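2 protein chains.
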Amino acid sequence: MGAPEPGRFDSSPFIRACRRLTVDRVPVWFMRQAGRSLPEYRAARGPGSILEAIAQPELVAALTRQPVDRYGTDAAIFFSDIVVPAAAVGFGVDVAPGTGPVVADPFRAKRDLQRLRPIEPAIDTPYVIDAVGILIDELKVPLIGFAGGPFTVASYLVEGGPSKNFSRVKALMHGEPQIWHDLMDRLTDLALASLRSQLDAGASAVQVFDSWAGILAPHHYRELVLPATVRLFAGLAESHPGTPTILFGVGTGELLTSMATAGCSVVGVDWRVPIDEARRRVGPGVAVQGNLDPALCLSTWEVAAAETRDVLDRAGTAPGHIFNLGHGVLPDTDPDILGRVVELVHAEARSGVEVAS
Amino acid sequence: MGAPEPGRFDSSPFIRACRRLTVDRVPVWFMRQAGRSLPEYRAARGPGSILEAIAQPELVAALTRQPVDRYGTDAAIFFSDIVVPAAAVGFGVDVAPGTGPVVADPFRAKRDLQRLRPIEPAIDTPYVIDAVGILIDELKVPLIGFAGGPFTVASYLVEGGPSKNFSRVKALMHGEPQIWHDLMDRLTDLALASLRSQLDAGASAVQVFDSWAGILAPHHYRELVLPATVRLFAGLAESHPGTPTILFGVGTGELLTSMATAGCSVVGVDWRVPIDEARRRVGPGVAVQGNLDPALCLSTWEVAAAETRDVLDRAGTAPGHIFNLGHGVLPDTDPDILGRVVELVHAEARSGVEVAS
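Chains as they are written, first to last, in this note's numbering: chain A, 1 to 357; chain B, 358 to 714.
No lab work stands behind these hints: they were computed from the structure. Quick caveat: nothing in here was measured; it's all calculated off a predicted structure. Fair warning: there could be bad hints in the mix.
As the list claims (entries may be wrong) - Residues of chain A placed beyond 10 Å of chain B at every Cβ, according to the derived structure:
| # | residue |
| --- | --- |
| 1 | 7 |
| 2 | 40 |
| 3 | 43 |
| 4 | 166 |
| 5 | 318 |
To be verified - Not the full set, but computed from the structure, chain A residues with beta-carbon under 10 Å of chain B:
| # | residue |
| --- | --- |
| 6 | 11 |
| 7 | 109 |
| 8 | 167 |
| 9 | 272 |
C-beta atoms are modelled at their ideal positions from N, C-alpha and C, and glycine is treated no differently.
Take the sequences, apply the hints, and build the full model.
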């Protein structure tokens, strides 16, 4: 494996759009572009848990490359899971197929903090570093590093699994603010160390998936989640200045103005907020990413095409738009539809595209 | 049973707040105030499905009264389920305990429209009319009639049950717009006939639970759901002019301005949108209802009290606020917390409360 060359993708549409620079085409990638919707994924993955798969660098590299090869996306997203760091330090978390992260002994009290010791990526998650290394040698597009946002990871650790009402995590954050603060601190440290190790190994950007932050009222997000998120991005800016960073969650319409102050380069938005409105809320200093409703990719191509054009139209001509879905690719999605979405986005000149004179 | 007296609750805080008139206290009720969180509910309900319970007028009346008696809420919400009309005309829908509505043979094609014939409430749901009649004799507060919004009912009929991604219903609404339009039409007719029968029997107001509308992008809501909703409220205004009407859904931050044009008197909002911002979005001509996060009622009383005051503060002093949760009472809620919330709302003078001179 060669040493990563910092900045080698600086002229790519994805990195330029993250920096709100002009581009020669609107960049596009898809959350969960690697995964069950791809027959080559199902063939390569076989049985076994996703955490087992994530520990195999060659497999991770292959799964990460698959959608780039098939669709010609402008970035690769590292194949991983938001609970990897917590699992690696021994918190006791698994990912159940069809369910998501499950925790046999959920976080309940102050004493559970000690189950979240600092991570040493070279020792605890060498497979992550190795997989990034393989990818850096092979990929012709930027690799986006992967971590869960502190709130979303906390929600799994506290609830014990996916939650409908998030009542336990809310009870903790409101009822035990000091424990909550310490928990956010430890999870921020885990995410920061993991993302730094991916960047050191050669990833060109990172996305923080604080997927469920939208379940919170805006003043609670600002008081109880945003400070940790600010620290996370400040830590990345300190160790890896100039590296594009993306902060994403679903249902975050009321949080966008706060998320835009977190120190990230890009805010990812779901389909509930029209992307023109999202751009207004995040302001001119932050790029936006999104936001085709993934469910519409299960409809006809005509519907997907019309909605893709609608997103491009709303995103407008100002630089700083990365096309994506509003959430992850759904398992039943026809890959051909996604392939045609990529072609369409690339063919239609919109946000930040320099028109040849 | 005596004949209902129209307008007999016109001077009640709930009806006056719906009409954006001054009140002597901020009215409060809770979505799902009748239900599993109450020991007297669990004692009265026994085993058996909720649809069986709903067909027993004396039981429905008792369950509807329980929270009014316990908490002193300013309104009763009719104990029912959003699928009652569809079930009554024989669509084939049940409510599975712990799951929600389930449909063995979901709506898939044009031919399924015939499974949604018009409802004749006196014949198909006499138990609804009978239960309202019992309640009108007994209640000292207004009774709110109950119906599901056309989109939300459609989502269950099309998906076959609760859904995470709503991909089938979205595929239908976008891919088969004529069938979707006809389906909305039939479900609107069902809701309209059911609500009219409840109002004829003596209910003083109605709430339309379009609970999952917030899963839609705003332009899709406006094009594919709002027209049916407008027709529903126009039909109620025609048959029952002046009757307060409430339109509620969760995650509707981006839809509030559209919902406010539906012809309802009140828009119910969840906790994701601060209620001051919700008031700005719905404008001065429509009241608002909400929006304490129900998960916070599972925390300590100190937390619930602080958040209750925060909602009252944000709702401000202008008339037209009905205090409620942002979604239904969660099953694990301590009834004492809810009782104290009612006391607190009644004790604190805010929206529309006339200060004695």
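| Violations among the numbered hints, reported as their numbers in ascending order | Failing hints, ascending: 4, 6, 7.
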